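Protein chains in written order, with the numbering used here: chain A, 191 to 580; chain B, 215 to 656.
All the given hints hold, so there is nothing to weed out.
Label pairs and their in silico Cβ distance ranges:
hint	chain 1	residue 1	chain 2	residue 2	range
1	A	W335	B	S274	40 to 50 Å
2	B	V553	A	L248	55 to 65 Å
3	B	L364	A	R523	55 to 65 Å
4	B	S274	A	L484	50 to 60 Å
5	A	A501	B	P392	24 to 34 Å
No farther apart than 30 Å at their CA atoms in a straight line, the calculated lysine-lysine pairs in the BS3-like style are these:
hint	chain 1	residue 1	chain 2	residue 2
6	A	K332	B	K330
7	B	K330	B	K275
8	B	K374	A	K275
9	A	K275	B	K377
10	A	K473	A	K356
11	A	K275	A	K356
Since the hints were derived computationally from the structure, they do not count as laboratory data. Quick caveat, the model's predicted, so the values are computed rather than measured. Don't be surprised by glycine CBs; every beta carbon is placed ideally from N, CA and C.
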Amino acid sequence: MSPTLAILLVAGAVSASCAIVGTFLVLRRMALLGDAISHAVLPGIVIAFFLTGRRAPLPMVIGAGVLGVLTVFLVEMFHRSGRLKEDASIGVVFPALFSLGVILISRYAAQVDLDLDCVLYGEIAYAPWDLLFVGDASWGPKALWVNTGTLVANALLVGLFYKELKVTTFDPGLAAALGVSPVLIHYLLMSAVSVTVVGAFESVGAILVVAMLVVPPATAYLLTDRLGAMLALGVGFGLASAGGGYALARWWDVSIAGAMATVSGLIFAAALVGSPRYGVVAKLAARRRLGGRLAGQLLLLHLAETAAPAATLQQRFGWSERRLRRTTERLVRRGLVERRNGALALTAAGAAAVARGPGAQLAHPLAEASGELAPSGGLARAQEPADGSV
Amino acid sequence: MLDGVLSFTARNVLLGATILGVSGGVLGCFALLRRQSLLGDALAHAALPGVCLAFLLTGSKAPLPLFVGALAAGLAASLVILAAVRWSRIKEDSAIGIVLSVFFGFGIVLLTWIQKLPAGNQSGLDKFLFGQAATLVWEDVRVMAALAALALATVALFYKELKILAFDPDYAASLGLPMGRIEMLLTLLLVTVVVLGLQTVGVVLIVATLVTPAAAARQWTENLGVMIVASAGIGAASGVVGALASASVPRLPTGPVIVIVASAVLVVSLLFAPQRGLAWSRVRERRVTRRIRRENLLKDLYRVGEAEGTFARLVPAPRLMGLRGQSPARLAASARPLVGAGLVERRGDAMRLTEEGRREAARVVRSHRLWELYLTRRLELPSDHVHRDAEAMEHALTPETVAELDRLLGYPPVDPHGRPIPPPEAAETGTGPRRQAAEARP
Numbered sequence: 191m192s193p194t195l196a197i198l199l200v201a202g203a204v205s206a207s208c209a210i211v212g213t214f215l216v217l218r219r220m221a222l223l224g225d226a227i228s229h230a231v232l233p234g235i236v237i238a239f240f241l242t243g244r245r246a247p248l249p250m251v252i253g254a255g256v257l258g259v260l261t262v263f264l265v266e267m268f269h270r271s272g273r274l275k276e277d278a279s280i281g282v283v284f285p286a287l288f289s290l291g292v293i294l295i296s297r298y299a300a301q302v303d304l305d306l307d308c309v310l311y312g313e314i315a316y317a318p319w320d321l322l323f324v325g326d327a328s329w330g331p332k333a334l335w336v337n338t339g340t341l342v343a344n345a346l347l348v349g350l351f352y353k354e355l356k357v358t359t360f361d362p363g364l365a366a367a368l369g370v371s372p373v374l375i376h377y378l379l380m381s382a383v384s385v386t387v388v389g390a391f392e393s394v395g396a397i398l399v400v401a402m403l404v405v406p407p408a409t410a411y412l413l414t415d416r417l418g419a420m421l422a423l424g425v426g427f428g429l430a431s432a433g434g435g436y437a438l439a440r441w442w443d444v445s446i447a448g449a450m451a452t453v454s455g456l457i458f459a460a461a462l463v464g465s466p467r468y469g470v471v472a473k474l475a476a477r478r479r480l481g482g483r484l485a486g487q488l489l490l491l492h493l494a495e496t497a498a499p500a501a502t503l504q505q506r507f508g509w510s511e512r513r514l515r516r517t518t519e520r521l522v523r524r525g526l527v528e529r530r531n532g533a534l535a536l537t538a539a540g541a542a543a544v545a546r547g548p549g550a551q552l553a554h555p556l557a558e559a560s561g562e563l564a565p566s567g568g569l570a571r572a573q574e575p576a577d578g579s580v
Numbered sequence: 215m216l217d218g219v220l221s222f223t224a225r226n227v228l229l230g231a232t233i234l235g236v237s238g239g240v241l242g243c244f245a246l247l248r249r250q251s252l253l254g255d256a257l258a259h260a261a262l263p264g265v266c267l268a269f270l271l272t273g274s275k276a277p278l279p280l281f282v283g284a285l286a287a288g289l290a291a292s293l294v295i296l297a298a299v300r301w302s303r304i305k306e307d308s309a310i311g312i313v314l315s316v317f318f319g320f321g322i323v324l325l326t327w328i329q330k331l332p333a334g335n336q337s338g339l340d341k342f343l344f345g346q347a348a349t350l351v352w353e354d355v356r357v358m359a360a361l362a363a364l365a366l367a368t369v370a371l372f373y374k375e376l377k378i379l380a381f382d383p384d385y386a387a388s389l390g391l392p393m394g395r396i397e398m399l400l401t402l403l404l405v406t407v408v409v410l411g412l413q414t415v416g417v418v419l420i421v422a423t424l425v426t427p428a429a430a431a432r433q434w435t436e437n438l439g440v441m442i443v444a445s446a447g448i449g450a451a452s453g454v455v456g457a458l459a460s461a462s463v464p465r466l467p468t469g470p471v472i473v474i475v476a477s478a479v480l481v482v483s484l485l486f487a488p489q490r491g492l493a494w495s496r497v498r499e500r501r502v503t504r505r506i507r508r509e510n511l512l513k514d515l516y517r518v519g520e521a522e523g524t525f526a527r528l529v530p531a532p533r534l535m536g537l538r539g540q541s542p543a544r545l546a547a548s549a550r551p552l553v554g555a556g557l558v559e560r561r562g563d564a565m566r567l568t569e570e571g572r573r574e575a576a577r578v579v580r581s582h583r584l585w586e587l588y589l590t591r592r593l594e595l596p597s598d599h600v601h602r603d604a605e606a607m608e609h610a611l612t613p614e615t616v617a618e619l620d621r622l623l624g625y626p627p628v629d630p631h632g633r634p635i636p637p638p639e640a641a642e643t644g645t646g647p648r649r650q651a652a653e654a655r656p
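Make the full structure from the sequences, and use the hints.
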């Protein structure tokens, strides 16, 4: 197997398995728990190393998995006690566990063949040469086996528990009523995250793991309202980041993991700006349109009472001259307003529109506004919180 | 004074860790209260590409240009987070995670790029990643002290504005205060602390120097000023302990020890802080639970006596255990203090109410039945729905409330189930030591 192919396969497996579990982290607003786990598994790896005395993949995965679940448990314990908010709970738990790991490594550095730099930003370039031996026969890169294993495990998890994951993510109350335990599914998911993180940890480093967990699914989240599509897009963007990042790294001769994170960020930035429905441009344009429409309605209602010269209106509403001109022009084009003796006044059509009632006048744009802010159906509706913090 | 005991390196580390502890402790309070604990984490990771770019542009690794680079990158990162949250559907946690990992990844790209350059290998930029406090030189400490002084002076100057930002930014905005600019100022200050800490504790652990002391201090007080002072104290103490420990024990890294010490202080605070301590609330809960169990036992004895028409007969323990499915041990535990207070008389395995105990039990039963009647009359709940609620309320109602209920309901003789409500004189208890012993304060 050529090194290039080995690296691409490892990176592909990592990005796909991260995207699968990351989708649920993003939807459950637990992206930072992924970050926390990716750092907090360090002592688990070190302890597993001490117990077995070598870098055996399985004990390390188990040790890290235990620490990952412990992290989630501690964060929730602090949070539930009511003494710390969730962000603070995460912020105190993972540095403490990470510190423990660093201290263990430093104190027993002679016995530990773990490189701290590698753990944090990883060196996937070495992956093709770290081979798995069974007896004397080489079975190919170890990282490829480990990460393909987690990919299969994650795919199986989501395949088998798709409905359960979906309902606990979008409506935990309904899930509990249907007899699906949100807590159980939560811990199942968190175990999967821990195992994925540690599988990817050594080959690509903690930071690329966070990037692969969060960035591709978040990019997909900008583009779709459907869970299935989000999973597929997330995996697709993950693979694209891996491939594009590798090319970039070869071109510039820089860190492969760093380049992959950078490319995933570029793809995200493109979606953030340009997503047709949820992107920044679309959102700002929609807001502008809405503002324009509301201004038009306001002007119509005011003119229905009395015709007024432009200067008065400008003062009355505190608008700029440009804003008043644009609003007026739109209404004139629609034949609702005309200029009469240097003042603005309603036409017959304008009067008829107002006569349909201020309620009808205002209901239309506002209804549309709430439609724009909280799209109905699919992911969006389940995701927007009831308190309307959009 | 310290020169005699510590080496120059150890003195630098000690001063650096203390400066970082104080400034991190102060700024961390605002981050914590604004629920932005993890913003510091993102800013720390985002500083890396800034530091690298600054080095590429100026070719210098003097503290000041690197600081400016980190500051610019931190500000860019916070703007990206703000824009993504405000103008797209991305939620804050994802935005922080994305900025953190992508900026850091790009920083690694730049770092590997720099290492290829002829001068790159000596740049020593990678000490920013994990923090190598031992590499602090006197010049670094002086820059740190200046930056920290600047940051703390700014906090003092804008204390009122930062305080209202932490507690009620919407109200402040409605008063016309420029909250956007104040938020920017806080971000700027956080970036300053992050940059201070990069070399001492490293990218990953900076978040703990901000959050952990503040979270610990929060447990001890409800006052922001006190919290800030306490947090700065905890931060400084962790810094001092971390620096001294790593100076005296071989191969003990400074940053992680600082974090572990602060975390230990946090755990102690969470458990034992006077008002909010989890240990105390556990004790209070247990005390209330025990009182409720005692009152329930009195009530059970009363109801058995009521059903049999006499309180004089001894009630066998198995019968009492059967009423609530209690274990013998739990029944005995509830009975013991009641016997001691002279409310219950115990003969072998059976017990009955004393005169005093009958009055105390009547008080509980009276609360229970009046509450049931109140629910059926005032809230028009069906009479088979009120028992469970009354089971809880009977332990919480004060004598004044019970008297008021009695008056409101027109001094009723019976409850909704037709059972007699004990009159106030039957429920009058002495206020002597015996009652106090039986009724622990909540």
